[in-house]
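The hints should help you fit chain R with the ligands onto chain G, whose structure is shown.
Chains G and R, in that order, give the protein sequences.
Here the numbering used here is used: the first residue of the first sequence is 1, the next is one more, and so on.
Here the numbering used here is used: the first residue of the second sequence is 1, the next is one more, and so on.
To be clear, the hints were calculated from the coordinates, so they are not data collected in a lab.
A virtual CB, placed ideally from N, CA and C, is assigned to each residue, including glycine.
One thing to keep in mind: the hints can contain errors.
[As the list claims (entries may be wrong)] The list that follows gives simulated cross-link-like pairs (lysine to aspartate or glutamate, EDC-like), each with its CA atoms no further than 20 Å apart:
{"#": "1", "chain 1": "R", "residue 1": "Lys342", "chain 2": "R", "residue 2": "Glu433"}
{"#": "2", "chain 1": "R", "residue 1": "Lys452", "chain 2": "G", "residue 2": "Glu124"}
{"#": "3", "chain 1": "R", "residue 1": "Lys13", "chain 2": "G", "residue 2": "Glu124"}
{"#": "4", "chain 1": "R", "residue 1": "Lys484", "chain 2": "R", "residue 2": "Asp609"}
{"#": "5", "chain 1": "R", "residue 1": "Lys570", "chain 2": "R", "residue 2": "Glu589"}
{"#": "6", "chain 1": "R", "residue 1": "Lys181", "chain 2": "R", "residue 2": "Asp308"}
{"#": "7", "chain 1": "R", "residue 1": "Lys434", "chain 2": "R", "residue 2": "Asp420"}
{"#": "8", "chain 1": "R", "residue 1": "Lys13", "chain 2": "G", "residue 2": "Asp82"}
{"#": "9", "chain 1": "R", "residue 1": "Lys13", "chain 2": "G", "residue 2": "Glu163"}
{"#": "10", "chain 1": "R", "residue 1": "Lys434", "chain 2": "G", "residue 2": "Glu163"}
[What the hints assert, rightly or not] Chain G is nowhere near these chain R residues, computed Cβ spacing over 12 Å in every case:
{"#": "11", "residue": "Glu83"}
{"#": "12", "residue": "Asp152"}
{"#": "13", "residue": "Ala178"}
{"#": "14", "residue": "Glu567"}
[Claimed, not checked] With the Cβ distance kept under 10 Å, some of the chain R side facing chain G (calculated, not the full set):
{"#": "15", "residue": "Gly23"}
{"#": "16", "residue": "Arg278"}
{"#": "17", "residue": "Asp662"}
{"#": "18", "residue": "Asp705"}
{"#": "19", "residue": "Met708"}
{"#": "20", "residue": "Ile709"}
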Amino acid sequence: MAKISMKVNGKTVSGDVEPRTLLVQFIREHLGLTGTHVGCDTSQCGACNVHYNGEAIKSCTILAVQADGSEVVTIEGLAKPDGTLHPMQAAFREYHGLQCGYCTPGMVMVAVDIARRLPGADEETVREELYGNICRCTGYQGIVEAVMAGSEAMQTGVLPLKEHH
Amino acid sequence: MGQYGIGQPIRRKEDARLLTGNGRYTDDVNLDGQAYVYFLRSPYAHAKINEIGLADALAASGVIAIYTSADLIADGVKPIPCEANAKSLKGVPLFKPPRHALAFERVRYAGEPVAMIIAETYNEARDASELIQIDYEELPAVADTSRLADADAPVVWDDLDSNVGLHWETQESAVSEAIFKTAYKTVELDLLNNRLVGNPMEPRCAVSHHDAQTGRTTLYAPSQGGRRVINAIAKDILNVPPQSLRMVSLDTGGGFGIRSKTYPELVLMVWAARKQPRALKWRADRGETFVSDAHGRDQSTKASAAFDKDGKILAVRNETIVNVGAYLSENGAILAMMGGGKIMGTAYDVPVLYFSVKSCFSNTVPTDTYRGAGRPEVNFIMERLIELGAEAFGISSIEMRKRNFIREFPYKTQMGCLIDSGDFPGTLDMTLEKGDYAGFEARKAESKARGKLRGIGIGYYVEGAGGRPFEEMRVRFEKDGKVKIFAGTFSHGQGHDTVYSQLLNEYLGVDASKVELIQGDSDTSPKGAVGTFGSRSSMMGGVAIKRASEAIVEKGKKIAGHLMQTEPTKVTFKDGVFHGGSSSVTLEEVARAAQDPSKLPEGLEGPLDESYYYERQGESQNFPNGCHLIEAEVDPDTGTVEIVKFTAIDDCGTVLNPLIVDGQVLGGIAQGIGQALVENTVFDNETGQLLTASFMDYGMPRASDFPMIGIYFNSVPSPTNDLGVKGAGEAGACGAPPALVHAALDALKGYGIRHIDMPLTPEKVWRAIQAAKSGKAA
Ligand code: FES
Ligand code: FES
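Just chain G, with the same shape it has in the complex (with noise of 0.2 Å):
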């Protein structure tokens, strides 16, 4: 066993852990963390996409271990205390970025990091960017759509507005 201590979603967390122990189990089993999600055993599907130190990555991929010390935020922190919703979070919302919801912690994660990284990305470079996480129900149409109104709502404040025909 291992001892940790990490700062998840602004607070200061430890725990004691075998070594073989994912970041991604420490958040889901030990934190109780469940909006982390699991998809696959091959690192490939980002349905557990957190922030680590600032960038996404995929919690599948690192051993709670390597994450002492580390600040981690997961889509619980991501939204305010009241409840308000992360611009990102609200723009896949208005888009129908979502169905079934598995994907979308990881997806929204990763959706924050490309607007952060990128700011205005266009549709190619988001397609691109969405490469490592995986969604059955959406078509992705939603999501790219969600992702390049998200980052300009985080820029300007002002979440543009879906259309309908």
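Using the frame of chain G, we list chain R with the ligands on its own:
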């Protein structure tokens, strides 16, 4: 009505919860003292089990129990039944081999569960499974669909002398043959409809526990409405009273048809929970999900069409081999006939149809209903025949379609579907206009300048939605002002909470925020509930909600009349308010009065709580249809096919919520494009091993596989249900594959390539180009 009623693109009620990590999926359930389950699965596709040695495994650390089929049989657990029924022309019924939840005497596919290990931790259960000693005697295996019916193919079931579990066919073999002999032109095609793995993003998972005090067992598992599943487990398999079992499905991470089944693991989780004092948890990883979910499609077809001199279809012949896998899953053996055959002919008038299906066993994972279940397959076949016909006549495929479109409704298909409505020529024209068909040549020239071959392709589809012909819904007004809908349909991404709220808003004027959908619990779902598949929830559940609402209004009028001292027959209801003479009273007030016996007229009991069991007349389904238009660029050097333009016009009948219907269409398109472009389930034909059992090997469509897709509707409300709705979920899975294949073949026209089987991977396309260049075009 108003802002929140039918037709509005209401943003979903369920989203805030799912977007903030507050969804609750089965893996998020952990019960006190739970033990962990691991299923040991067969490494062989076909083998005799001579002996199973458990001693070492039972002695391993943390092991609580290990079960094999011997334990099930000793306990009287019955095989999982297959409800499907069909007969050959000679009256020979479908062969239904027993499917025990754990392999009995033989294993018949790689991945079949053989033993159930229960231990203190997941790792201990898994480690112990490696100590189980099984003496397997390997037998020859067969996986290749087109070979299954061959005389020399290894036979999966000794009870049969071949792998054909059923040869189902229509009477028209001789008649159609005669027509083909004298027809002006005929075309013929062999094709494979590739096997697909549904892969909902949530892996398989289940939690169960038995309460010794109440004698009840609860199963938590993702489903598409668990009432049917848990009843089958109780009545047909475990032989226990249905009320002693309960199934709860929390948030479910995708279903696509395949998550509606009575799987062996679910049976075992319930059964073992009744043997163990502990709660049990099983969580499959993705690899295990690949072999434990039923697969979809997998058909090999020889199809042909005969035309008169005007290019009008005279007859179609279709001979299909369906690979049902090693055992019969629920509908695997009949979906080619009942799902596909019934609408064969699709958008076209086919006066004579010979339709033959051989449902064949193989040493592979069982197949069953997956997004479209038989309809994508026949739509693909019909569209290919139309294109080949157009080629034979030297006319455009648009013209060919128009010469053969069904134009009068209702239209009875050869196998008895009554297509109720549609505007096929109008939908096609609208697609050409929205997709700027006229501008294609200019875009093609532009692609050519970049070294790319651009092609354009159409997929017109008709499918039959609605599934089983009954569903029950209950609407209840609560003391606290909430209105609960108790449903047995099950939203696992389709946004029922939102759409059903819109219906109550429309019919009762209830504020959507007051509506609460209670679903996913066999204890609270109405008795007549079936579940969600085949785009049936709005058509069946929606109509039941409408009629339950009408019953609420009827009862409400009596109460309102009593409150307003007006004859109930003179009371009217509009936008949530009852009117009688000059007085009025809101539904909310009436609901409150209904909770108070002193305010009720004599003989009437509160509260406002009405159920409606809706039974559709006969087999009348509804027939979503539409036209998908794709432009694709092929790189002649690499064989890569890229979709550069996509326009879809769908007739989903009345659109209740365009945001959600768009989403359904887009999701179906992604799965259709997945099938046409990247998804393939590959077995080693010698050993029967599944070679594509991870996201490393199985192509899942990604965001970068699509352009922005133009989604439009040409709605013709269905005249056969109260809401006028048609399905939407299967549209894309039916329309996109032929459109994509036609676009690619159009791009490759210069090489004289006639057909390439899906998926159109770069390798396949490149090989076809090389073969064509060396004079061996397919
Ligand atoms: S669970 Fe981490 S990528 Fe799939
Ligand atoms: S919303 Fe279901 S997997 Fe993306």
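Consistency of the hints with the structure:
1. Lys342/R - Glu433/R: 31 Å, violated
2. Lys452/R - Glu124/G: Holds: Lys452/R and Glu124/G sit about 19 Å apart, inside 20 Å.
3. Lys13/R - Glu124/G: Violated. Lys13/R to Glu124/G sits at ~30 Å, over the 20 Å cutoff.
4. Lys484/R - Asp609/R: 9 Å, holds
5. Lys570/R - Glu589/R: 18 Å, holds
6. Lys181/R - Asp308/R: 12 Å, holds
7. Lys434/R - Asp420/R: 26 Å, violated
8. Lys13/R - Asp82/G: The given pair, whose Cα atoms are some 18 Å apart, holds under the 20 Å limit.
9. Lys13/R - Glu163/G: Between Lys13/R and Glu163/G the Cα gap is close to 19 Å, so the pair holds against 20 Å.
10. Lys434/R - Glu163/G: Judged against 20 Å, a Cα distance of about 17 Å means the pair holds.
11. Glu83: With a cut-off of 12 Å, Glu83/R remains clear of chain G, as the shortest Cβ separation is near 27 Å.
12. Asp152: 38 Å, holds
13. Ala178: About 45 Å separates Ala178/R from the closest Cβ of chain G, which puts it past 12 Å; holds.
14. Glu567: 44 Å, holds
15. Gly23: 5 Å, holds
16. Arg278: Hint on Arg278/R: violated, closest Cβ of chain G at ~18 Å, above 10 Å.
17. Asp662: Holds, because the Cβ-Cβ distance from Asp662/R to chain G comes to roughly 7 Å (cut-off 10 Å).
18. Asp705: Since chain G brings a Cβ to about 8 Å from Asp705/R, closer than 10 Å, the hint holds.
19. Met708: 7 Å, holds
20. Ile709: Check passed: Cβ of Ile709/R comes within 6 Å of chain G, closer than 10 Å.
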